[in-house]
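Undergrad: Build the complex from these two chains, which are given one at a time in their own frames, with help from the hints.
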Amino acid sequence: MTDQLTFVRNQMLPPQEPPIREAGVVKWLRENLFSGPLNTILSVVGFAIILWLAANIIPWLLHSVWNANSLGECRQIIAATWGEGATGACWAMVRERWHQYLFGFYPMDMYWRPTSAFFLMFVALAPVLYNNLPRKMIWFTAVYPALAFWLLWGGSVWSPVVAMLGFVVMGGVFTLLKDRLGVPLSAGIGFVAAAFWWLVLQGPLASAIHSVLPIGLTSVDSDQFGGFLLSIVIGVTAISASLPMGILLALGRQSDMLLVRTLSVGFIEFIRGVPLITLLFTASLLLQYFLPPETNFDIILRVIILVTFFAAAYIAEVIRGGLAALPRGQYEAADALGLDYWQAQRLIVMPQALKISIPGIVSSFIGLFKDTTLVAFVGLMDPLKGITQVVRSDINWKGIYWEPYLFAGAIFFLICFGMSRYSMWLERKLKTDHR
Amino acid sequence: MSESAIDRSKMTISDEVAVQITNMNKWYGQFHVLRDVNMTVMKGERIVICGPSGSGKSTLIRCINRLEEHQAGQIIVDGTELTNDLKNIDKVRSEVGMVFQHFNLFPHLTILENCTLAPIWVRKVPKKEAEETAMHFLHKVKIPEQANKYPGQLSGGQQQRVAIARSLCMKPRIMLFDEPTSALDPEMIKEVLDTMISLAEEGMTMLCVTHEMGFAQAVANRVVFMDQGQIVEQNEPVEFFRNPQSERTKLFLSQILGH
Numbered sequence: 000m001t002d003q004l005t006f007v008r009n010q011m012l013p014p015q016e017p018p019i020r021e022a023g024v025v026k027w028l029r030e031n032l033f034s035g036p037l038n039t040i041l042s043v044v045g046f047a048i049i050l051w052l053a054a055n056i057i058p059w060l061l062h063s064v065w066n067a068n069s070l071g072e073c074r075q076i077i078a079a080t081w082g083e084g085a086t087g088a089c090w091a092m093v094r095e096r097w098h099q100y101l102f103g104f105y106p107m108d109m110y111w112r113p114t115s116a117f118f119l120m121f122v123a124l125a126p127v128l129y130n131n132l133p134r135k136m137i138w139f140t141a142v143y144p145a146l147a148f149w150l151l152w153g154g155s156v157w158s159p160v161v162a163m164l165g166f167v168v169m170g171g172v173f174t175l176l177k178d179r180l181g182v183p184l185s186a187g188i189g190f191v192a193a194a195f196w197w198l199v200l201q202g203p204l205a206s207a208i209h210s211v212l213p214i215g216l217t218s219v220d221s222d223q224f225g226g227f228l229l230s231i232v233i234g235v236t237a238i239s240a241s242l243p244m245g246i247l248l249a250l251g252r253q254s255d256m257l258l259v260r261t262l263s264v265g266f267i268e269f270i271r272g273v274p275l276i277t278l279l280f281t282a283s284l285l286l287q288y289f290l291p292p293e294t295n296f297d298i299i300l301r302v303i304i305l306v307t308f309f310a311a312a313y314i315a316e317v318i319r320g321g322l323a324a325l326p327r328g329q330y331e332a333a334d335a336l337g338l339d340y341w342q343a344q345r346l347i348v349m350p351q352a353l354k355i356s357i358p359g360i361v362s363s364f365i366g367l368f369k370d371t372t373l374v375a376f377v378g379l380m381d382p383l384k385g386i387t388q389v390v391r392s393d394i395n396w397k398g399i400y401w402e403p404y405l406f407a408g409a410i411f412f413l414i415c416f417g418m419s420r421y422s423m424w425l426e427r428k429l430k431t432d433h434r
Numbered sequence: 000m001s002e003s004a005i006d007r008s009k010m011t012i013s014d015e016v017a018v019q020i021t022n023m024n025k026w027y028g029q030f031h032v033l034r035d036v037n038m039t040v041m042k043g044e045r046i047v048i049c050g051p052s053g054s055g056k057s058t059l060i061r062c063i064n065r066l067e068e069h070q071a072g073q074i075i076v077d078g079t080e081l082t083n084d085l086k087n088i089d090k091v092r093s094e095v096g097m098v099f100q101h102f103n104l105f106p107h108l109t110i111l112e113n114c115t116l117a118p119i120w121v122r123k124v125p126k127k128e129a130e131e132t133a134m135h136f137l138h139k140v141k142i143p144e145q146a147n148k149y150p151g152q153l154s155g156g157q158q159q160r161v162a163i164a165r166s167l168c169m170k171p172r173i174m175l176f177d178e179p180t181s182a183l184d185p186e187m188i189k190e191v192l193d194t195m196i197s198l199a200e201e202g203m204t205m206l207c208v209t210h211e212m213g214f215a216q217a218v219a220n221r222v223v224f225m226d227q228g229q230i231v232e233q234n235e236p237v238e239f240f241r242n243p244q245s246e247r248t249k250l251f252l253s254q255i256l257g258h
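Each protein sequence line maps, in turn, to chains A and B. With numbering that gives the first Met the number 0, the residue at position 340 of the first sequence is 339, and numbering never jumps. With numbering that gives the first Met the number 0, the residue at position 22 of the second sequence is 21, and numbering never jumps.
The following block holds chain B by itself, in its conformation from the complex (with noise of 0.2 Å):
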């Protein structure tokens, strides 16, 4: 994954707001997860959050499309605030793609339908153009042969492409990545990377929690260290990791580079 084979003439960061998240606390019962968190996200941009486990990483990219509730503070996405308000909710869940570890696929339903149905049923997009539409993205996901295939035939970096592919056909504004390639082989994890690549080359907007080093220094244009909940640290991956300013992310980043 070299740098200058990596296209960069479509990754411009826009002066427009995609995310705008102020001061959000989240308790899971009594347990502070996310302590004041603030970030602007601006379209355009390729984010990577990283920190140690229990960080609250997830939790924090998993809130901005509400798969978990903030009991305090503000998120703002796309211009539509996140309250409990469901015509909101899913207003902003079809504008924003998701990508999970474990791909989530469903599996009584052939790769074509799993990415045709929330088109088709949230879009009201006719049938066949949904079919078009799904095609199209499983070419540039470059599985179209297996369109007909059940997701349990499939290899685990298939079936995380053809997740991608299932968020693309939404139209996404914005796209949401909690750790694409942990649950992956080390065979299969460039072929995610590669597509996820080929996505910040078209210039959308990303979040990406992973802890793939490599992928953060290549397309990510800001790396976000969190530790227990807050951000601790962020900056451009260049001095991010050549020249990290907290003992946390110094600590961090020796034992994820350390061998």
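The shape of chain A in the complex, shown without the other chains (with noise of 0.2 Å):
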């Protein structure tokens, strides 16, 4: 047939099944491990050097000691069970002291308080991690921050729920003047009305207020933070306010008013340029500096702050990206539907920006929650170094050195991937391109 010019396939071929030895175990260790000399000598060298790691780790894991009162009797206690010269964990220290890890100095008898407030920190987010739930529990979103400073600190109820009101304040106003002014312009109106509302009305109306309706808690001061509390709430905090912030400053760059461009671009160069320990000796000594002398500004919303601004610099320019990596197309096919610029920034862009630069955005909230622990710098608690301090300050448990770590380590680890999962999880689900 070969050799003849014309030719008709009659029948077309059915596939088949590939040759056996091109498929199960055999073909998967010769590919992957001893697919070459070099290739075979590193897998050797490597499983080596894990199973004397795992020679070593082991045995300390399984004599890991959990009833002791102190480090020393931990050390009795493992000579005598595994022989003189045998090594363990101490975890008695974990048994003893969990609590200062998750709550600091927090009161014990209103460890109730962070714990509610930590539970219902998941109801809060749930509507904005997944988008099948009832669309009425934003509403519980929106009053949570409230709620959970209340929790937290205490005091009157009056001040958070006037200090929500500023928000609505800030609503009024802009949907008030919108239609009249613009988006930008009331925007800025509503917020000035809204800080006006925030630093002169807010002190004033809320202990009226209590004063006729005397209901709070106990209050609860900065300093008694610590743990895995105090990183939470920063790094919630900071996370969900940095996102808006950072998607205004992405915009405010790449906007054509050069007053917006020049101040966002400013803005994220000096952030970004500065480390986060300079920030944060900024927020704990500088700005007491530059504030009246008696206001009272609380050093955890201080820090808040400035992390905040941090994670913004970083997650503006993230978003950037994303920005950079819409063709030009959808902007058009938006404007030439006849779309305002917001419009199409919210309905858009912003969707499509924001789905590519997701991997961007979590790396940076990651980031950000293991950097709360960089608050030890400013006196703060963090659950490594200044709540380990305080644990091996005890003689009961001078020269415990691996275990507060391990510790520490494990619940950063278990938040941290418990995000890294979801942002793939919300990947995969938003993937629509079918590329």
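Heads up, some of the hints might be wrong.
As the list claims (entries may be wrong) - In the DSBU-like style, the derived pairs of lysine-lysine whose C-alpha atoms are separated by at most 30 Å in a straight line are: (1) Lys123(B) <-> Lys135(A); (2) Lys126(B) <-> Lys354(A); (3) Lys123(B) <-> Lys430(A); (4) Lys127(B) <-> Lys428(A); (5) Lys170(B) <-> Lys189(B); (6) Lys139(B) <-> Lys90(B); (7) Lys139(B) <-> Lys430(A); (8) Lys141(B) <-> Lys430(A); (9) Lys430(A) <-> Lys148(B); (10) Lys430(A) <-> Lys126(B); (11) Lys126(B) <-> Lys177(A); (12) Lys177(A) <-> Lys127(B); (13) Lys177(A) <-> Lys170(B); (14) Lys135(A) <-> Lys126(B); (15) Lys354(A) <-> Lys123(B); (16) Lys428(A) <-> Lys148(B); (17) Lys123(B) <-> Lys177(A); (18) Lys127(B) <-> Lys354(A); (19) Lys126(B) <-> Lys428(A); (20) Lys127(B) <-> Lys430(A); (21) Lys86(B) <-> Lys177(A); (22) Lys135(A) <-> Lys148(B); (23) Lys148(B) <-> Lys354(A); (24) Lys177(A) <-> Lys90(B); (25) Lys135(A) <-> Lys127(B); (26) Lys127(B) <-> Lys170(B); (27) Lys139(B) <-> Lys189(B).
What the hints assert, rightly or not - Residues from chain B shown here face chain A by an in silico Cβ test under 8 Å; the list is partial: (28) Asn64; (29) Leu66; (30) Ser93; (31) Phe99; (32) Phe105; (33) His107; (34) Leu116; (35) Trp120; (36) Val121; (37) Tyr149; (38) Gly151.
No lab work stands behind these hints: they were computed from the structure. Bear in mind the structure is a predicted one, so any value in this text is a computation, not a measurement. The beta-carbon is built from N, C-alpha and C at its ideal position, and this holds for glycine as well.
TA: Shown next, in the form of structure tokens:
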């Protein structure tokens, strides 16, 4: 047939199974571990290292002691059970001090407050993270910040309520002026009105209502916060505030308005050019010089604001990458349909740009959450350094080395791994391009 | 695409002006893209704009809905002059539909959502009504069964038909086509051209940048030839193809029809 010039196929060939040596475990081993001399050597060396590590770590974990009152007692138990010279983990420390890792010096009889705030947080986050839940739940999300603040710090219930009303003022002013003055200007006026509310009216109004209707919880000071309570308060607040701020900065950086663009670029470049610790020192020391002497601006709040700025600058750049990846045609199609700037951003540009930026945004969030341990440098009780120091300054636990870090590290890992898995799930769910 | 099959009964040209372009000039930096363009489009006209690449034909129709800004002269669309006034620009854009070479559907929205988005947000049409209109136009472009798919799941020809339906959902008075078939495989060009022909049969005012000379002969009432940012020649299609006047036009036609 091959030497004929014309050829017509009358029957199409059916697909066939691959040859047997091209499938199964043997193929996998040969391809992945022993595909050549170099790979074979590397595989053998790699196995040797893994075995050596396991030989050292597994006995240490197997010899764990959970019931003891001090490190010395732990060592005695290990020596008595496993013989002189045996090593073992002393988890008794975790058993005795776990509450400090979670709550710092928060008063013990009020642990229910941060605990319920923590679990309510999931209810508040759920409608944001999963869109198949009832949309009404978003109202709980909206009041949650005030509720959590009140549960954690206590004091009069009216302070957070009046503070939330500031947002109502902002929204009201914005809706009233939007049609007459346009979106940017009325948003600006709304913000100024809300700032006036918070700075001038907030205090007197809250105390006036409180004197009539005194409802409140026992106040807890910020210096009693510590451990993962502190990390989560700073981390979650900064994460939720930095995303919208990052979006606005990314849009500002692309704006045609010179002033907006210059301010955005200046902010982003300044914040990114400075180490976070510098900003934290600014929060703890410098701000005190600029603010009027009698103001008592909470240290945790100051740290949250600067951590938010820091994360927002990075997120703005991540989102700018997402914006750059969008084809120009998307903007043109939105324009050609008559959508205005904010509609086009909200309905066309941001859903796509944010989707592209999910891995980068979540990386920033994970980085931010781990960076909350840096608050140790301004004297707050972070779970890694602050609380561990407290534990080790106890004569009973002096000299304990690996266990506190492993414990705190494991909790950090769980939270960060959770965020990472969520982002992967979200990416898969939003994948509609079918490439 | 035989001319006899096309229903010309509704293809009437009224004496109402749809687009009026007077002494319009545009520059990209130092480059003078559009030079003193004058053009009047009456309601109901089907105009095909052709010319070599870089001749400014796409730029010209993109100026009509202000995707490009002109620096001198005047463009009046449906009685509204295009200036820096954003309100006027949005008004013109909502009256003028545009179909792009690369479809530019929104990949994160379903076909139906692509079609209802602008009516809901720009025209403030209730969602249900917008969906009914969208389904009506999806029927018209013959792909109602794809309504709940995403653009990425459709072929190029189907996507371009969705893009046409999306524009029609805004009930535009004028439709602009910017090389609607240039990015399509040959097998899919016909389905898009058929859609455009049926649109012409209903009396839509159309400005179409295309190299499909068969389409020009079949439905256009005027062919405009551009070169180096200027309108070099315009005529009704039979005369334009049979008896081109300028040397540039003759050369262009011999190149695209020569084989």
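Undergrad: Does each hint hold? Answer for all of them.
TA: Evaluated hints:
Distance hint between Lys123(B) and Lys135(A) is fulfilled; the C-alpha atoms sit about 23 Å from each other, no more than 30 Å. A hinted pair counts as satisfied when its Cα atoms are at most 30 Å apart, and Lys126(B) with Lys354(A) qualifies at roughly 25 Å. For the given pair, Lys123(B) sits about 29 Å from Lys430(A) by alpha-carbon distance, which is consistent with the 30 Å threshold. The straight-line distance between the Cα atoms of Lys127(B) and Lys428(A) is roughly 26 Å, inside the 30 Å bound, and the hint therefore holds.
At roughly 24 Å between alpha-carbon atoms, Lys170(B) and Lys189(B) fall within 30 Å of each other, so this suggested pair holds. This hinted pair checks out: Lys139(B) and Lys90(B) have alpha carbons roughly 26 Å apart, not beyond 30 Å. Our distance criterion of 30 Å between C-alpha atoms is met by Lys139(B) and Lys430(A), whose separation comes to about 29 Å. Taking the CA atoms of Lys141(B) and Lys430(A), the gap is about 26 Å. The hint holds against a cut of 30 Å.
For the hint linking Lys430(A) to Lys148(B), the alpha-carbon distance of about 13 Å falls within 30 Å, and the restraint holds. Between Lys430(A) and Lys126(B) the CA atoms are separated by roughly 25 Å; this keeps the pair inside 30 Å, and the hint holds. This hinted pair checks out: Lys126(B) and Lys177(A) have alpha carbons roughly 23 Å apart, not beyond 30 Å. Between Lys177(A) and Lys127(B), the direct Cα distance comes to roughly 27 Å. Compliance with the 30 Å bound is thereby established for this hinted pair.
For the given pair, Lys177(A) sits about 27 Å from Lys170(B) by alpha-carbon distance, which is consistent with the 30 Å threshold. Among the hinted pairs, Lys135(A) with Lys126(B) is consistent with the structure: their alpha-carbon atoms are about 20 Å apart, no more than 30 Å. Taking the CA atoms of Lys354(A) and Lys123(B), the gap is about 27 Å. The hint holds against a cut of 30 Å. Restraint check for Lys428(A) and Lys148(B): satisfied, since their Cα atoms lie roughly 15 Å apart, inside the 30 Å limit.
A hinted pair counts as satisfied when its Cα atoms are at most 30 Å apart, and Lys123(B) with Lys177(A) qualifies at roughly 17 Å. Among the hinted pairs, Lys127(B) with Lys354(A) is consistent with the structure: their alpha-carbon atoms are about 28 Å apart, no more than 30 Å. For the given pair, Lys126(B) sits about 24 Å from Lys428(A) by alpha-carbon distance, which is consistent with the 30 Å threshold. A distance of roughly 26 Å separates the Cα atoms of Lys127(B) and Lys430(A); the hinted pair therefore holds under the 30 Å criterion.
Straight-line distance between C-alpha atoms of Lys86(B) and Lys177(A) comes to about 15 Å, which keeps the hinted pair within the 30 Å bound. The straight-line distance between the Cα atoms of Lys135(A) and Lys148(B) is roughly 28 Å, inside the 30 Å bound, and the hint therefore holds. Taking the CA atoms of Lys148(B) and Lys354(A), the gap is about 19 Å. The hint holds against a cut of 30 Å. A hinted pair counts as satisfied when its Cα atoms are at most 30 Å apart, and Lys177(A) with Lys90(B) qualifies at roughly 19 Å.
Restraint check for Lys135(A) and Lys127(B): satisfied, since their Cα atoms lie roughly 21 Å apart, inside the 30 Å limit. Straight-line distance between C-alpha atoms of Lys127(B) and Lys170(B) comes to about 16 Å, which keeps the hinted pair within the 30 Å bound. Restraint check for Lys139(B) and Lys189(B): satisfied, since their Cα atoms lie roughly 15 Å apart, inside the 30 Å limit. Interface restraint check: Asn64(B) against chain A, minimum CB-CB distance 6 Å, threshold 8 Å, status holds.
Hint status for Leu66(B) relative to chain A: holds, with the closest Cβ pair at about 6 Å, below 8 Å. With a least beta-carbon distance of about 3 Å to chain A, the hint placing Ser93(B) at the interface is held under the 8 Å criterion. Given hint, Phe99(B) at the interface with chain A, holds; its Cβ is 6 Å from that chain's nearest Cβ, closer than 8 Å. Contact between Phe105(B) and chain A, as hinted, is supported at the beta carbon level, the nearest pair being about 6 Å apart and thus within 8 Å.
The closest approach between the C-beta of His107(B) and any C-beta of chain A is roughly 5 Å, which is under the 8 Å cut-off, so the hint is satisfied. With its C-beta approaching chain A no nearer than about 6 Å, Leu116(B) sits inside the 8 Å limit, and its interface hint holds. Proximity of Trp120(B) to chain A holds as hinted, the smallest CB-CB distance being about 5 Å (cut-off 8 Å). Below 8 Å, beta-carbon pairs count as interface contacts, and Val121(B) has one with chain A at about 4 Å; its hint therefore holds.
Given hint, Tyr149(B) at the interface with chain A, holds; its Cβ is 4 Å from that chain's nearest Cβ, closer than 8 Å. For Gly151(B), the interface hint holds, the least distance from its beta-carbon to any beta-carbon of chain A being 4 Å, beneath 8 Å.
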